[in-house]
Amino acid sequence: MTMIEVNKLVKRFGLKTVLRGIDFRVERGEFVALLGPNGAGKTTFLRILASLSRPSMGEVRIAGYRLPSQASAVRRRLGVVSHQPLLYGDLSAEENLRFYGRMYALDNLDRRIDEVLEMVGLAARRRDLVRTFSRGMQQRLAIGRAVLHDPDVLLLDEPHTGLDQDACAMLDHVLRDVASRGRTVVMTSHDLARAEDLASRFDILSRGLIVASAPRHALREGNLLDFYRRALEN
Amino acid sequence: MDDLPIEKSGPSPFARFLRAIAAVVWKDLAAEFRSRELLSAMLVFSLLVILIFNFALELNVKERRDVTSGVLWATFAFAGTLGLNRSMAVEKDRGCLDGLLLAPVDRAAIYFGKALSNLAFMLIVEAVVLPVYSVLYNVNLFRPGLLMVILLGSVGYIAVGTLLSTMSVQTRTREILLPILLFPVVIPILIAAVKASGGYLNNLGMEEILPWLNLLIAYDVIFTAIAFMVFDYVVEE
Numbered sequence: 001m002t003m004i005e006v007n008k009l010v011k012r013f014g015l016k017t018v019l020r021g022i023d024f025r026v027e028r029g030e031f032v033a034l035l036g037p038n039g040a041g042k043t044t045f046l047r048i049l050a051s052l053s054r055p056s057m058g059e060v061r062i063a064g065y066r067l068p069s070q071a072s073a074v075r076r077r078l079g080v081v082s083h084q085p086l087l088y089g090d091l092s093a094e095e096n097l098r099f100y101g102r103m104y105a106l107d108n109l110d111r112r113i114d115e116v117l118e119m120v121g122l123a124a125r126r127r128d129l130v131r132t133f134s135r136g137m138q139q140r141l142a143i144g145r146a147v148l149h150d151p152d153v154l155l156l157d158e159p160h161t162g163l164d165q166d167a168c169a170m171l172d173h174v175l176r177d178v179a180s181r182g183r184t185v186v187m188t189s190h191d192l193a194r195a196e197d198l199a200s201r202f203d204i205l206s207r208g209l210i211v212a213s214a215p216r217h218a219l220r221e222g223n224l225l226d227f228y229r230r231a232l233e234n
Numbered sequence: 001m002d003d004l005p006i007e008k009s010g011p012s013p014f015a016r017f018l019r020a021i022a023a024v025v026w027k028d029l030a031a032e033f034r035s036r037e038l039l040s041a042m043l044v045f046s047l048l049v050i051l052i053f054n055f056a057l058e059l060n061v062k063e064r065r066d067v068t069s070g071v072l073w074a075t076f077a078f079a080g081t082l083g084l085n086r087s088m089a090v091e092k093d094r095g096c097l098d099g100l101l102l103a104p105v106d107r108a109a110i111y112f113g114k115a116l117s118n119l120a121f122m123l124i125v126e127a128v129v130l131p132v133y134s135v136l137y138n139v140n141l142f143r144p145g146l147l148m149v150i151l152l153g154s155v156g157y158i159a160v161g162t163l164l165s166t167m168s169v170q171t172r173t174r175e176i177l178l179p180i181l182l183f184p185v186v187i188p189i190l191i192a193a194v195k196a197s198g199g200y201l202n203n204l205g206m207e208e209i210l211p212w213l214n215l216l217i218a219y220d221v222i223f224t225a226i227a228f229m230v231f232d233y234v235v236e237e
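Residue numbers (the numbering used here), protein chains in the order written: chain A, 1 to 234; chain B, 1 to 237.
If you are wondering where the hints come from, they were derived from the structure by calculation, not from laboratory data.
Some hints could be false.
[What the hints assert, rightly or not] If you only want the chain A side, here are some residues facing chain B, beta carbon under 7 Å, derived: (1) Q84; (2) F99; (3) R102.
[To be verified] Pairwise CB distance ranges, derived in the manner of DEER restraints: (4) B:K92 with A:N7: 30 to 38 Å; (5) B:N138 with A:S134: 48 to 56 Å; (6) A:D107 with B:W26: 14 to 22 Å; (7) B:I226 with A:H83: 28 to 36 Å.
Using N, Cα and C, we set each Cβ at its ideal position, and we do this for glycine too.
Can you make the complete structure from the sequences, with help from the hints?
What follows is the structure, encoded as structure tokens:
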């Protein structure tokens, strides 16, 4: 089943065209790494997929639902992790998850919060205020927040930014766990090694267009850097 | 025929709407009663303002009653602006506004949740300011009619303020922009609130107070309805 379908997507901010007719499809269970230089339009593209920004032109469907007309149905199936943790510093880890669980009208919320805190390794810190957490712990909780409602599609915007090696390893473990459950993942990243390690497909975005796309099996190991450079040169 | 999937049913949309409002209010109150950043700033500011007015205006009993409605509403308006700015800044600074917007609820629920928590903060500040003011100025403010005017005025102020603070928080100059946007729009409600409050304080007849009360109620209804309709567009990128 096609989980993400984007046709001729254009996004303009005033006179500036950031996305210039993107076509993009992701099947269920794929883990797509969206790579590209700064200013390529990765974050804008992800914000449109997340229903946080309206396309200027083109069609976007997530799990069969059309954006922006069926945004509420799309949001129910989406989990989003961005540069910022989207967490409240003056609430505890558990309270943050409880708040988002209520916003998603989840059943069995207590059990689900327990599961998620266990998954991201924060069960022992559940009652601590988020403002006392390290950046790595906040990012792990952000992942927990994003998967709390068990979304079909997970969108990650440079989730490793600002994390140390241990926190990155923990985050990778969580992402692999999510992907192994058949969830569809789209992740933007500047870290080619990490993307190569995690993703099943690599798409290169440059100047508002997807200029190259390749599945993992089409690349030799360690060859992503060459693929990336060639895509940008062309 | 379009081949769009059909959304599974769960709780009714209205029940989800109310739950989302309750969740936002709970979150704001829980965070504020832990940090006390917003309430303490509003309270200190309000008490300083009435204290300064008390020393700046050397008034007899009659004059004190005459200026009370103006001093009170100036205090509430400025303290309210402080609270509105802070309330939305908390959402924006850590990206939490995006977290709210990603939730599968009608965005009006986010507006009403924020508006209700802002109103709660303003009413708490007013509940502290009124007795202090009564003691300092030797004016009895605990009259049912006056309390009703304060409630109606606060509702209207917060209805507009929550909407405009959502707009101003997206800009770099949000602390400056909010009062510039807000005060021209709330002039009718401030005038109506000052006149109606003055009417009750000076024991005027209902025929003199009623037009101002009607204006307050009409303003509350109209601006709450406008905010309900346009909030989705205000937060849209």
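Status of the hints after comparison with the structure:
no. : hint                           : in the structure
1   : Q84                            : holds (3 Å)
2   : F99                            : holds (5 Å)
3   : R102                           : holds (4 Å)
4   : B:K92 with A:N7: 30 to 38 Å    : holds (33 Å)
5   : B:N138 with A:S134: 48 to 56 Å : holds (55 Å)
6   : A:D107 with B:W26: 14 to 22 Å  : holds (18 Å)
7   : B:I226 with A:H83: 28 to 36 Å  : holds (33 Å)
No hint from the list above goes unmet by this structure.
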